[in-house]
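**Q** Protein chains in written order, with my numbering: chain P, 5 to 412; chain F, -16 to 245.
Calculated from the structure, these hints are not laboratory results.
The beta-carbon is built from N, C-alpha and C at its ideal position, and this holds for glycine as well.
Warning: the hint list may mix true and false statements.
[What the hints assert, rightly or not] Just so you have them, the derived chain F footprint on chain P, three or more residues with Cβ under 8 Å:
| id | region |
| --- | --- |
| 1 | 175 to 189 |
| 2 | 209 to 216 |
| 3 | 358 to 364 |
| 4 | 371 to 385 |
| 5 | 390 to 397 |
[Said to hold, decoys possible] Here are some chain F residues the structure puts well away from chain P; computed CB gaps all over 12 Å:
| id | residue |
| --- | --- |
| 6 | 33 |
| 7 | 36 |
| 8 | 169 |
| 9 | 175 |
| 10 | 184 |
| 11 | 185 |
| 12 | 186 |
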Amino acid sequence: MAIIVDKNCCVGCTLCVPACPFAAIDMVNGLAVINDQCTICGACIEVCPVTAISRDDEGTECEVCTPESYSGVWVFAEQRQGQMLNIAYELLGEGKKLAGALNVPLSAVLIGSNVAPMAKDLYAYGADTVYLVEDKELELYRTETYTAAFVGLVKKYMPEIILMGATHIGRDLAPRVAGRLVTGLTADCTELGIDLEERILLQTRPAFGGNIMATILCPVHRPQIATVRSGVMKKAAPDYDKTGSLVREAYRSREVKVRTKVREIVKEMGKVVNLEDAKVVVCGGRGIGSAAGFALLEKLAQKLGGVVGGSRGAVDAGWLPSGHQVGQTGKTVHPKLYIACGISGAIQHVAGMQGSKMIVAINKNPAAPIFKVADYGIVGDVHQVLPLLIAALDEQGAPPISLKQADD
Amino acid sequence: MKIVVCIKQVPNTTEVKFDQKTGTLIREGLPTIINPEDKNALEEALAIAGPVGGQVTVLTMGPAQADYALRETLAMGAHEAILLSDRAFAGADTWATSYALAKAVEKLGEFSLIFCGRQAIDGDTAQVGPELAEHLDIPHITYVRRIVALDEKTVVVERALEDGYEIVESTMPALLTTLKELNVPRYPSAGGVITAFDEKKVMVWTAESVGADPAKIGLKGSPTQVKRTFTPPVKGTGKMLTGTHKEMVQQLIQELRTKHVL
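Kindly produce the complete structure, drawing on both the sequences and the hints.
**A** Structure representation (structure tokens):
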């Protein structure tokens, strides 16, 4: 298995060199040569104008799986202590589109104890079928019990696509499920689509710290599993007239090897900040200078009916708890108004906020990359600009405005 | 007590620069580092092994140059290091990577704990740890932010959740993935650096030497494949406001009102 450059065909044009995401192509004596960094991703094959580059990829077929026998789109309906997470509805919204394109039903997987009443919400948000596994053993999430319940359902009903939330639980469960089913898993997808001809899920996600995007396929193995972070996909408007069918599956606790135990779940109230659903986010970076500096942002956020977030720099400096972090390794937000204060705008940060409807950036460095994604830019010191902005809003008696619905 | 730490050598993606003219990524000369959260994994292993005279083995899969990252872990105090390196591993996704690592761990024999960083900064998938645990049929706990208790048979940890944490107990052997909140990684000692590069050896294992099934490694063993990569589209430049601070603020409020954001 390797990328091969045909020395007789290569014209030394060097087009493949910048196309390689891994710096795996060197020019040696005017010819492209693949080095050890190569991951065989094939990016070079597409750009070669003389088709000198190819992949010897015989044997990628797997005899075990026949993709055709798998059908339907599933969403993991993650609930915690009887509370459905928003991500479940967002995934149903996205799953509906995929299921529509494939002309197959959309189903939700509901695992827990005494959770059956939540099925009606799942129907309302788009599920045609709810697969329910209920047992006292499943009351709290544990990797082993949930993996067993989930894998049991997949083996029996064979869906072609599964979407899970990239939460601390989804990201714990999904790899265990994919590992056991010997199938592919793509994390943190920001865009999903269907290649109808091949009947394959196109999974696009940021890679390389958000510096590039990659579209990932799982061509042969089934199901195709993707995780999506909350706030990335849109939920549909619920329709409580819509119903669906309930499929109950027994949990065979005696067959499950359980070696872990949850002793206690502790909520840390100070950490709860709902950035994903906020209509206004006022976000601060290193330019704020201190934890005390965030008081100004808090004031502005209150005035606008919003919440305060921070860049990785601000969180790493200890000025804000990590639950407030916006960006690649933090949260993805899509408010109506995003105000970036003293944030330079590293690509990792932008990855988490570029879905905002309107972006205002305040930074004293006119060359800060944040201005490239901003709708409005103010070059100035946040410590001077923010008090003026707060005062101006005071004067105008700015209400907590027309921010009832951001989903228009 | 025997502890295995899995690390990855990654390009320092926080230092990526773009070509101002073409907007493409400049990849040459990007420094490589040990993935930051893998250092937290190593630190925890060293801290646990130290007082009880345990043995810490560092394992990585990668090209020959990953040797350097392993030397750094030896300088920090790891007892031995294994570089799983073979052209046959190239193109591996998380499934095939975790399978190869599992074969190497099996070759190492008995162990109590495996530590992995939560996720690598170049891929951000957080999948290899749990998938490795699955291949080995051992329990795993992700997002570990504190070790609460540890004896010969059991480990109790705080596992971070979005709105707090849970206290989870597991039998051993088990695999834990670590957050940066867990600890502050030590620096390599001067003596450690010298011995790491002089005396201590990094063992290189191949696909064959760990008994890996050729059909389950590298691109061939990977359920997923990269179809294409591209630079994210750049949004058109917005409007830069001008004037005094006060004038700019007034303009901004005006604009936000016009656009019905206020």
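**Q** Against this structure, judge whether each hint is valid.
**A** To see whether the hints hold, each was checked on the structure:
Coverage of a stretch by a chain is defined here by at least three residues with a beta carbon nearer than 8 Å to that chain's beta carbons; for the region 175 to 189 of chain P and chain F the count is 12, and the condition holds. Residues of the region 209 to 216 of chain P with a Cβ under 8 Å from some Cβ of chain F number 7, which satisfies the need for three, so the listed coverage holds. Beta-carbon proximity to chain F at under 8 Å applies to 5 residues in the region 358 to 364 of chain P; the threshold of 3 is reached and the given coverage holds. Residues of the region 371 to 385 of chain P with a Cβ under 8 Å from some Cβ of chain F number 10, which satisfies the need for three, so the listed coverage holds.
Note: the region 390 to 397 of chain P has 4 residues with beta-carbon separation from chain F under 8 Å; the three-residue rule is met and the coverage holds. Separation of residue 33(F) from chain P is adequate, the least Cβ-Cβ distance of about 26 Å exceeding the 12 Å criterion. Look at residue 36(F): its CB is around 26 Å from the nearest CB on chain P, clear of 12 Å, so calling it non-interface holds up. With a minimum CB-CB distance of about 19 Å to chain P, residue 169(F) clears the 12 Å threshold, and the non-interface call stands.
Taking the minimum C-beta to C-beta distance to chain P, about 27 Å, the non-interface status of residue 175(F) holds against the 12 Å cut. Taking the minimum C-beta to C-beta distance to chain P, about 21 Å, the non-interface status of residue 184(F) holds against the 12 Å cut. Taking the minimum C-beta to C-beta distance to chain P, about 16 Å, the non-interface status of residue 185(F) holds against the 12 Å cut. The Cβ of residue 186(F) lies farther than 12 Å from every Cβ of chain P, with a closest approach of about 19 Å, so its non-interface assignment holds.
The earlier numbered hints are all upheld by this structure, with none contradicted.
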